[in-house]
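A.B. asks: Given the coordinates of chain A, work out where chain B should sit on it, guided by the hints.
In the order they appear, the protein sequences are chains A and B.
Numbers 11 to 323, taken from our numbering, label the letters of the first sequence in order.
Numbers 11 to 323, taken from our numbering, label the letters of the second sequence in order.
One thing to keep in mind: the hints can contain errors.
Copies of the same chain are indistinguishable here, so a pair counts whether it falls within one copy or spans any two.
In silico EDC-like cross-links for lysine to aspartate or glutamate, where the CA-CA straight-line distance does not exceed 20 Å [said to hold, decoys possible]:
(1) Lys95 to Glu129
(2) Lys319 to Glu129
(3) Lys95 to Asp106
(4) Lys319 to Glu161
(5) Lys95 to Asp136
It should be emphasised that the hints constitute simulated quantities derived from the structure, not laboratory data.
The chain contents come next:
2 protein chains.
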Amino acid sequence: MKEQPDIVIQEVSPRDGLQIEPTWVPTEEKIRLIDAFSTMGFSRIEVSSFVSPKAIPALRDAAEVFTRIRRTPGIIYVALVPNMKGAENALAADADELNMVMSASDTHNLANVRMQGAESLRVFADVAKLGKSSGVLLNGSVATAFGCPFEGRQAPERVLEIVRRYLDLGVDGITLADTTGMANPAQVAALVERVLALIPPAALTLHFHNTRGLGLANVLAAYNKGAWRFDSALGGLGGCPFAPGASGNICTEDLANMAHDMDLKTGLDLPALIAEARKLPALLGHDMPGQVMKAGRTLDLHPTPAAVKALLA
Amino acid sequence: MKEQPDIVIQEVSPRDGLQIEPTWVPTEEKIRLIDAFSTMGFSRIEVSSFVSPKAIPALRDAAEVFTRIRRTPGIIYVALVPNMKGAENALAADADELNMVMSASDTHNLANVRMQGAESLRVFADVAKLGKSSGVLLNGSVATAFGCPFEGRQAPERVLEIVRRYLDLGVDGITLADTTGMANPAQVAALVERVLALIPPAALTLHFHNTRGLGLANVLAAYNKGAWRFDSALGGLGGCPFAPGASGNICTEDLANMAHDMDLKTGLDLPALIAEARKLPALLGHDMPGQVMKAGRTLDLHPTPAAVKALLA
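Next comes chain A alone, as it looks inside the complex (with noise of 0.2 Å):
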């Protein structure tokens, strides 16, 4: 019987990684990247998005990537779905799992769906249905959840608000992302705590991006407040309309890494993810922010130097 994990890390990188990138990722290499992620021990994966293909052209192959990956027993093959649309394509092209994705800010929400955040609650009532009467999992993520690049931190009450609607609806699991990169530790600790009085922890993921280097620290206070499932990407993938040349989403091989580190189990194989992330700069034209896809694991020790050999002699 396989260990459980001490810390559930959830793959993110061919939706949330991949739809910022300029460059065109062909469909068989999503295919061949998402494969590669069924082997290295992930139980969740999130393939895709199912949006409007002018609004986020790199993931308009979503059914055809979805439809074509060699699925694993036991692994959840994610779809974000921002609409009802969105939601009847993703379940033709058979996910496992939809992730109805609203913002806390009003002004965010609208500038990422065009929907104000009480119309998104609409919609996904009848999302919701629609996912009930499928039989497929229901996730509810509230992104802005601790700060908006246009409105700045937004009140946990608004936050928490979002969480117990999605809980009306039935969702199986919430998530609280940060979009752009504006949570700190204390923020994330006490509103960690606060979510995790109305659901279990293993119903809570946080979706952390590094954009102001604090992800793993965001991690660290998560995780110490109860926390134990992350969202992340392969090399950090992943970016910010706002902050050109800053990084993205937490980095997976980093944060395995920690947790390997600090005797934490993932469950995941190390060595295959710094592997597959060392494909990336070539597959995308650009350096990843990743550190440990450039430093190698921690105990990866380097041979004694012939000088200091010398000395010894």
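C.D. replies: Positioned in the frame of chain A, the structure of chain B alone reads:
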């Protein structure tokens, strides 16, 4: 009266940042940078290193830099010294503090300063005597305190032994340095707890590198155990010869931004730091790992997009 900071951030970029840079930074420019730091709220700045110019040519102008910077009363201008000759030169250049450095790992100490640890300690007995008679401050740094790239993990007992030896020499402060970015938050918490049983928090500095992305998570772990002095480098300058392309020291402005977001006072002028960090890529000819210099401070908000305004109109 000046408010007491909650976290004291000590700038080390002129020494630990520049020492690995292949591009020669003109003496004038080093002096300008240090003089700028003197106006930004730092109470301690590591100015340079008195080492063999053959070993570290980038800092061969240590004496000139020290004698030409504009000293601000109350700021401690630190010189790193690995041996007696370095100490004599540092005193001749009127350093306020001698920062003695040796590695927990003998292999690393041999590679770094061509001495076994025991020899470094014998030398430091003389350095400390000289320093005391000159009335300067003394700091004892333990490099590779959390791991050595050749030997791997170092026994905490070895680190504590060196700390005790430094205390026997009458040092004013101790620095635990994660020289090549191998520390993790659990390890940091455990070691800080043990060291704080020997010395008060005011006498302890943590020096982290972000080589594997854990820098700020490690700061948080140390802070949660009572430590509040941290070294960092503007723009995340610095590096590790074994991790080409990986991050160097933790980034001063990223750390200050995190602290301010957590309502922890640093006394630092964050906008001035960011402005100065943004000059580094042109000075050094490469990108910096710092994130806040790219993304802006957390609450530097962006205007509502025109498309959203149109939807709301």
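A.B. asks: Does each hint hold? Answer for all of them.
C.D. replies: Hints versus structure:
1. Taking identical chains as interchangeable, the C-alpha atoms of Lys95 and Glu129 lie at most 20 Å apart only when both belong to the same chain, with a minimum of 14 Å there against 72 Å between chains.
2. For a Cα distance limit of 20 Å, the shortest separation of Lys319 from Glu129 across copies, 17 Å, qualifies, whereas the shortest one inside one copy, 69 Å, does not.
3. In this assembly of identical chains, Lys95 and Asp106 lie within 20 Å of each other by CA distance solely inside one copy; the values are 17 Å within and 68 Å between copies.
4. Taking the shortest Cα distances, Lys319 and Glu161 sit within 20 Å of each other only across copies (13 Å), while inside one copy they are farther apart (59 Å).
5. With identical chains, the CA atoms of Lys95 and Asp136 are at most 20 Å apart within one copy only, with a shortest distance of 11 Å there and 77 Å across copies.
In summary, this structure violates none of the numbered hints.
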